[in-house]
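Based on the hints, put chain B in the right spot on chain A.
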Amino acid sequence: MGARTNSPHRRRIEVPLTAMAIAHPPILSRCREVLAGGPTEAARRWKGPAIGCFPVYSPVEIFHAAGALPIGIFGAGGSVELTHADARFQSFVCSIAKSTLELAFQKRLEGIGGMVFHSICDVARNLASVYRRNFPDLFIDYIHFPQNPTSSGSLDYTSAELERVRRNISVWLERKITDDALRESIRAYNRSRALMRRLYQMREESPERVNSVEAYQLVRAGTLLPPQEHVELLEAALADLERRAVKRMDRIRVIVEGAFCEQPPMGLIEVIERAGCYVIDDDFVAGWRWFANDVAETGDPIRALAGAYCRQSRPSSVRHDMTRPRHEDLAKRVREKNAQAVIFAPAKFCEPALFDYVLFRRVCEREKIPHLLLEFEEKMWTFERARNEIETFAESLLFE
Amino acid sequence: MLITAGIDIGSGRTKALLLGEDGQILGSAAIRTRANFDAVAREALEQALASARLSMDDIAYTAATGLGRYSITFRDVQVTDITCAARGAQFLFPDTLYVLDMGAQSTRAIRLKEGGKVRDFHTNEKCAAGSGSFLERAAKYLEISVDSLGSRSMESSTPRPISSVCAVLAESEIINHVSEGVPVNDVVRGLHESLAERALTQLKKIGLNGSVTFVGGVAVQQGMVEACRRKFGVEVLVPKDPVAVTALGAAVLARQRATRRMAGAGTSSRS
Numbered sequence: 002m003g004a005r006t007n008s009p010h011r012r013r014i015e016v017p018l019t020a021m022a023i024a025h026p027p028i029l030s031r032c033r034e035v036l037a038g039g040p041t042e043a044a045r046r047w048k049g050p051a052i053g054c055f056p057v058y059s060p061v062e063i064f065h066a067a068g069a070l071p072i073g074i075f076g077a078g079g080s081v082e083l084t085h086a087d088a089r090f091q092s093f094v095c096s097i098a099k100s101t102l103e104l105a106f107q108k109r110l111e112g113i114g115g116m117v118f119h120s121i122c123d124v125a126r127n128l129a130s131v132y133r134r135n136f137p138d139l140f141i142d143y144i145h146f147p148q149n150p151t152s153s154g155s156l157d158y159t160s161a162e163l164e165r166v167r168r169n170i171s172v173w174l175e176r177k178i179t180d181d182a183l184r185e186s187i188r189a190y191n192r193s194r195a196l197m198r199r200l201y202q203m204r205e206e207s208p209e210r211v212n213s214v215e216a217y218q219l220v221r222a223g224t225l226l227p228p229q230e231h232v233e234l235l236e237a238a239l240a241d242l243e244r245r246a247v248k249r250m251d252r253i254r255v256i257v258e259g260a261f262c263e264q265p266p267m268g269l270i271e272v273i274e275r276a277g278c279y280v281i282d283d284d285f286v287a288g289w290r291w292f293a294n295d296v297a298e299t300g301d302p303i304r305a306l307a308g309a310y311c312r313q314s315r316p317s318s319v320r321h322d323m324t325r326p327r328h329e330d331l332a333k334r335v336r337e338k339n340a341q342a343v344i345f346a347p348a349k350f351c352e353p354a355l356f357d358y359v360l361f362r363r364v365c366e367r368e369k370i371p372h373l374l375l376e377f378e379e380k381m382w383t384f385e386r387a388r389n390e391i392e393t394f395a396e397s398l399l400f401e
Numbered sequence: 002m003l004i005t006a007g008i009d010i011g012s013g014r015t016k017a018l019l020l021g022e023d024g025q026i027l028g029s030a031a032i033r034t035r036a037n038f039d040a041v042a043r044e045a046l047e048q049a050l051a052s053a054r055l056s057m058d059d060i061a062y063t064a065a066t067g068l069g070r071y072s073i074t075f076r077d078v079q080v081t082d083i084t085c086a087a088r089g090a091q092f093l094f095p096d097t098l099y100v101l102d103m104g105a106q107s108t109r110a111i112r113l114k115e116g117g118k119v120r121d122f123h124t125n126e127k128c129a130a131g132s133g134s135f136l137e138r139a140a141k142y143l144e145i146s147v148d149s150l151g152s153r154s155m156e157s158s159t160p161r162p163i164s165s166v167c168a169v170l171a172e173s174e175i176i177n178h179v180s181e182g183v184p185v186n187d188v189v190r191g192l193h194e195s196l197a198e199r200a201l202t203q204l205k206k207i208g209l210n211g212s213v214t215f216v217g218g219v220a221v222q223q224g225m226v227e228a229c230r231r232k233f234g235v236e237v238l239v240p241k242d243p244v245a246v247t248a249l250g251a252a253v254l255a256r257q258r259a260t261r262r263m264a265g266a267g268t269s270s271r272s
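Here the protein sequences come in this chain order: A and B.
Counting in my numbering, the first sequence runs from 2 upward without gaps.
Counting in my numbering, the second sequence runs from 2 upward without gaps.
So that you can see chain A by itself, here it is in the shape it has in the complex (with noise of 0.2 Å):
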């Protein structure tokens, strides 16, 4: 057992909160105990049928007007030793796999009674199989979304294939899924992704005021909670913040891109800002952040889901449209946000934000936007030599 990695006791030390060193509204306290219980503690919470579902991207109403709470299941986080996954994936694989197979195996999903995935590489695609192959009291589905959002059959096709989805969940759950109770639930999703679009919006024009950390959180909970009940914290976290005054600092302006699948550990998150940074934008979370704006609350709600996935997502390496190249979106984000530096980072081995990072790069330096590469995995503990990175990097744009 490596001593280094696996005493969660240490890695609690290396993770202090930005946000204890400035006076933090209770409400984020509530954030952080709703993302220390994790999944099963949500699951236990809710007392009914709870469904996983495996980033990126999930169509959570469905399963939320099914009655099933829609949890996010990113790995483990670093928090299990894996003594069976390792047998069941190659070295090569990324730990978010790895850590969410162990999760199962060493029963820490308790109460979630199915797993959802998607197309979104290679490794999730087999990652549902060996959940299927190892678990089979386990509800699991796998959505097939379209390799061309953008064609003329994209939306008949999405439609179809989320329209299975609600039927497998009627079946399993032995429930029917209206049309009014998915309005319903796309209703309250809306106005949890508004609320996270606001959080946003604030951090972008007053980054001092809300932390990465802080607002990573915020949009984490989400991921554990009731749609209902992530808007009231969000309402009351963005009351008080609005309220905060903190002094701001001479730190570069960046966007963090990569982490939209396995999440950084918080400590890294918080090494970025304490560096010399203000975060202005991230792909942390992506998919329950996945619209740029509210999906249609009325006609056809399986509609309304496929046309929102494919007309109305945010730009993501897991989703092709070859209409609005990634690599150009993130440009005009750095022009519209004012950014004046791009950090890459994605976890080890993750396929499609190394694949984009190509791109990415090129369009950096074509545009001459400075740019930083900090790969990270969920078992990262230390980040002296990130912050070392990431410090000089912040320095060689400050000072000339």
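The set of hints was computed from the structure by calculation and includes no laboratory data.
The beta carbon of each residue, even a glycine, is placed where N, CA and C say it ideally should be.
Do not rely on the hints blindly, as some may be mistaken.
Claimed, not checked - With a straight-line cut-off of 30 Å between C-alpha atoms, the simulated DSS-like cross-links for lysine-lysine are: (1) Lys114/B / Lys206/B; (2) Lys205/B / Lys369/A; (3) Lys369/A / Lys232/B; (4) Lys118/B / Lys232/B.
What the hints assert, rightly or not - So, partial list: chain A residues that the calculated Cβ filter (under 7 Å) puts toward chain B: (5) Glu243; (6) Val247; (7) Asp251; (8) Arg275; (9) Glu390.
Same frame as chain A, but now just chain B:
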């Protein structure tokens, strides 16, 4: 007048320095570092302000450096001590390309580019054997004051070398020398020679090829400076106040940022 402050929270001492618009040092202070970094930084800065007859409101911009830089809540920016030491040395000796910064806990060899940017560096932070705290402990074992180390070393002509690279083992070696009746001054000079030797190894790693500016708390010991001159074989420049050079570098960088801020460029604001 545009006044900027540089604060360097080192493991031994906290230094604050105020810089005027045209580059003159308006005031400085150095106090012992305590556990509450924010409070000790304020205290050092207030002392520097008092010496310059200025107040907090006069400071346009504050740059923090040193191990406690993240804890200074009133800072505008934090900068690594390597960058600050380089800028401070370059401010005083514009042609310098190699800097040796020997503090209480760490020794850094820094190579500069033209203009003062850092090109390369090497640090010994994993072990205190090559730094000021080692000398402090040695002084304790030798039952002499730290302040006397520099002059005692100068009085010796037959240094007794300390061969160990480990602080703990080196201490045993010192005790052995004392028990064998080796004169204290010879042991002190041996310590300085030993430290200079280790510093030279670090400087060689960054490609030493020119004069060295020696800064940090250890550079106040004349015996250490002379040991470096003998070992390095190049000119060794020592500022008048080597302890404050890193804080000076922070203040210089603060001035650069403050000037840019006033010009409305390169800030973290959303325009």
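Inset, instruction - Grab the minimum C-beta distance from Val247/A to chain B and call the hint holds if it beats 7 Å, violated otherwise. - result: With Cβ-Cβ at 9 Å, over 7 Å, it is violated.
### Message
Can you verify the interface hint for Asp251/A: is its Cβ closer than 7 Å to any Cβ in chain B?
### Response
holds, 4 Å
* 30 Å limit on alpha-carbon distance, applied to hinted pair Lys205/B and Lys369/A -> Since the Cα atoms of Lys205/B and Lys369/A sit roughly 35 Å apart, the hinted pair is violated (cutoff 30 Å).
Has the given pair, Lys118/B with Lys232/B, been kept, meaning a C-alpha gap of at most 30 Å?
The hint holds at about 26 Å.
Chain B contact restraint on Arg275/A - CB to CB distance below 7 Å: holds, 5 Å
With chain B as the partner, please determine if Glu243/A meets the hint condition of a C-beta pair closer than 7 Å.
violated, 17 Å
Does Glu390/A hold up as a contact with chain B if the rule is Cβ-Cβ below 7 Å?
Violated, because the Cβ-Cβ distance from Glu390/A to chain B comes to roughly 11 Å (cut-off 7 Å).
Next on the checklist: Next pair to validate is Lys114/B with Lys206/B; report whether the Cα-Cα distance is within 30 Å.
Outcome noted: holds, 16 Å
Hint check: Lys369/A vs Lys232/B, CA-CA at most 30 Å. Holds or violated? violated, 45 Å
The structure fails to meet hints 2, 3, 5, 6, 9 from the earlier list, while all remaining hints are met.
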